[in-house]
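Modelling step: build the complete structure from the supplied sequences, incorporating the hints.
If you read the protein sequences in the order shown, they are chains U and V.
Its first residue numbered 1, the first sequence is counted upward by one per residue in our numbering.
Its first residue numbered 1, the second sequence is counted upward by one per residue in our numbering.
Keep in mind that the hints were calculated from the coordinates and are not lab data.
Glycine included, every Cβ here is placed at the ideal spot set by N, Cα and C.
Don't take every hint at face value.
Stated by the list, open to error - Chain U stretches covered by chain V per the calculated footprint, using a threshold of three residues with CB under 8 Å from any CB of chain V:
| # | segment |
| --- | --- |
| 1 | 269-280 |
| 2 | 309-321 |
| 3 | 395-407 |
As the list claims (entries may be wrong) - Okay, derived cross-link-like pairs now, BS3-like style, lysine-lysine, Cα gap no bigger than 25 Å in a straight line:
| # | chain 1 | residue 1 | chain 2 | residue 2 |
| --- | --- | --- | --- | --- |
| 4 | U | K168 | U | K138 |
| 5 | V | K136 | V | K119 |
| 6 | U | K112 | U | K138 |
| 7 | U | K14 | U | K112 |
| 8 | U | K110 | U | K168 |
| 9 | U | K173 | U | K110 |
| 10 | U | K4 | U | K14 |
| 11 | U | K112 | U | K168 |
| 12 | V | K119 | U | K173 |
| 13 | V | K136 | U | K14 |
| 14 | U | K4 | V | K119 |
| 15 | V | K3 | U | K4 |
What the hints assert, rightly or not - To give an idea of the interface, some chain U residues facing chain V are shown, with a C-beta separation under 8 Å as derived from the structure:
| # | residue |
| --- | --- |
| 16 | K173 |
| 17 | G177 |
| 18 | L324 |
| 19 | G325 |
| 20 | T327 |
| 21 | D330 |
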Amino acid sequence: MQIKPILSALRRHKAGTFLIAMQIALTLAIVCNALFIIEQRLAHLSEPSGVDEANIFVVQNEWVGSSTAEQADAKIREDLRVLRELPGVQDATPSNSYPLRGGGWDDAVKLKPDQLQDSSGATIYFADDHFLDTLGLKLAAGRNFRAEEITPMNVRDRLGPPVVMVTKALADKLFPGEDAVGRTLYLIGGPSTIVGVVDLLQAQSVDRWASAFAYRSVIVPKRLAISLGAFYIVRARPGQLQAAMRAAPTALFQHNPRRIINEDDGVLSFAEVRARAYERDRGMAILMGVICVVLLAITAAGIVGLTSFWVGQRRRQIGVRRALGATRQDILQYFLTENLLISCGGALVGTVLAVAINLWLVTRFEMHRLSLMYVLGGVVILLLLGQGAVLAPAMRASRVPPVEATRSV
Amino acid sequence: MLKMTHLSKVYRTEVVETYALRDFNINVNEGEFVAVTGPSGSGKTTFLTIAGLLETFTGGQYHLDGVEVSNLNDNERSRIRNEKIGFIFQAFNLIPDLNVFDNVEVPLRYRGMKAAERKERIMHSLERVGLASRAKHYPAELSGGQQQRVAIARALAGSPRLLLADEPTGNLDTQMARGVMELLEEIHREGATIVMVTHDPELAARAQRNVHIIDGQVVDLAEDPRFHHSVMAARANSPA
Chain U
1 MQIKPILSAL RRHKAGTFLI AMQIALTLAI VCNALFIIEQ RLAHLSEPSG
51 VDEANIFVVQ NEWVGSSTAE QADAKIREDL RVLRELPGVQ DATPSNSYPL
101 RGGGWDDAVK LKPDQLQDSS GATIYFADDH FLDTLGLKLA AGRNFRAEEI
151 TPMNVRDRLG PPVVMVTKAL ADKLFPGEDA VGRTLYLIGG PSTIVGVVDL
201 LQAQSVDRWA SAFAYRSVIV PKRLAISLGA FYIVRARPGQ LQAAMRAAPT
251 ALFQHNPRRI INEDDGVLSF AEVRARAYER DRGMAILMGV ICVVLLAITA
301 AGIVGLTSFW VGQRRRQIGV RRALGATRQD ILQYFLTENL LISCGGALVG
351 TVLAVAINLW LVTRFEMHRL SLMYVLGGVV ILLLLGQGAV LAPAMRASRV
401 PPVEATRSV
Chain V
1 MLKMTHLSKV YRTEVVETYA LRDFNINVNE GEFVAVTGPS GSGKTTFLTI
51 AGLLETFTGG QYHLDGVEVS NLNDNERSRI RNEKIGFIFQ AFNLIPDLNV
101 FDNVEVPLRY RGMKAAERKE RIMHSLERVG LASRAKHYPA ELSGGQQQRV
151 AIARALAGSP RLLLADEPTG NLDTQMARGV MELLEEIHRE GATIVMVTHD
201 PELAARAQRN VHIIDGQVVD LAEDPRFHHS VMAARANSPA
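Here it is in structure tokens:
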């Protein structure tokens, strides 16, 4: 191996060596953290909602004119009847929100009325007895609401229904290792008995602030009877989503034209709901990806440029080495090894930088700690990139003929 | 040791063919010190580059140490250069990024020699040229004469069968040139085969034999009366 003489030669070219090593270090530090952020965002993107996404769509209905709570509730029930009668619709349910909506009702859950500290935060979903079937949710324990348990609720009412269902994640949090069915929890309006436990249901928000209770929800047997409007969650029969999405607003308008269903986002498939919910995450992942590609390309270009310059500068020296017995492979190996040494130096500094940047992000933005696998992966990527980038100029160097040694400068 | 028979070297462009060597014949025996002389453009350096396997030739035959070299591939030519030939260039051709020790080490590394043997050979060669104390110096810290001595040490370190010198004193002043020439003579006395290209009649006179080249062919020295006269005069004045 030629490591010692290569190191000696590099010591005589400190500026170029230092600059390229620092470029590699910075690239490594940024790429490691960017890839880690991308992975986090992608993991976030693929979190399951728990609902039958392929067949569900949401109608956002707004009423024209004011009405009493009773009138609003009556109109909601009529709309639900119209929707459920559509041939392409399997079921429909009203709610105040739905998973990934990015807005709704989150509240504190307690186990005792005089408890000072909340037992957990939770998303509150208003539901009727069609909620589970419409969303395609599975009961892990207990039972669904009965039709007679569903009551209308005005915004001024305090929430404290006699019965509720909870998600398994909330049940496990409130009653670890125990059966939650039949137990009591307290919402703002009073005690509620848990009658059912739903297997999996994501919260309405996917933002970081809601991550603590991402799958903890309380489902209350209420219809939100307000004059503004309501969400109708509709489950189409398999393969009839698009037809049902077209038919639903038409049927609702035919039944009662005094309403507004926005043409742009009044009817959304769950795929669109998901896309909107994770728009920022996807955007961030793409931005980070672009930054990685640009940085890697700049670093590769830097390595190609510097090595090409060095090959041109050392053409006679290469000829001398060939005259003294170096084979083409020896020359190729020389430049590959030289790059590997610079890259290793850069990677060493880059590793420290990557961890330092991550620590800063952890303290400033509550990010997760960088996995060492990302640093190792980044090092491998940078080393391979370096070897790939240096290959063309190194091949050019290996083709310098030995007679170059005898040519005058 | 070195035998070229009817050798030719042609440089071709789209419109013209230029013969650098034509029907070139030379035979250098083991242990000889031959000076190859001739005017500028006569083909001296072309001869040396072909003799040192730095370049291929167009026609004829070339036997080096009994091996016909025309059919050797690039790796085999590199190996022969490394093991059998020592080069001394006019411009010294030391690698400026390496110190004296590392410069002398270059051909030995390409031979795959172990570190201990390399070190022993390097120090022995440097002692032989009187520069052992300068092992850690860089070429730029040495005089021209010292640099050429390092180049000679580098050529000797691999114990080559043939030493090829291209105007070895061309870049040196008279005093340094004399020192280098004395070193070459000493090396020759120890048994080395040396082929030296020079245009200096005084240096040529100190070799055992002169081979004169004109227009790419070996000619009788007498065909170049002025150079012949200079060589004869130099021989007459030498201490013998």
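* Asked: Which earlier hints can't be squared with this structure?
  -> 1, 6, 7, 12, 15, 16 and 17
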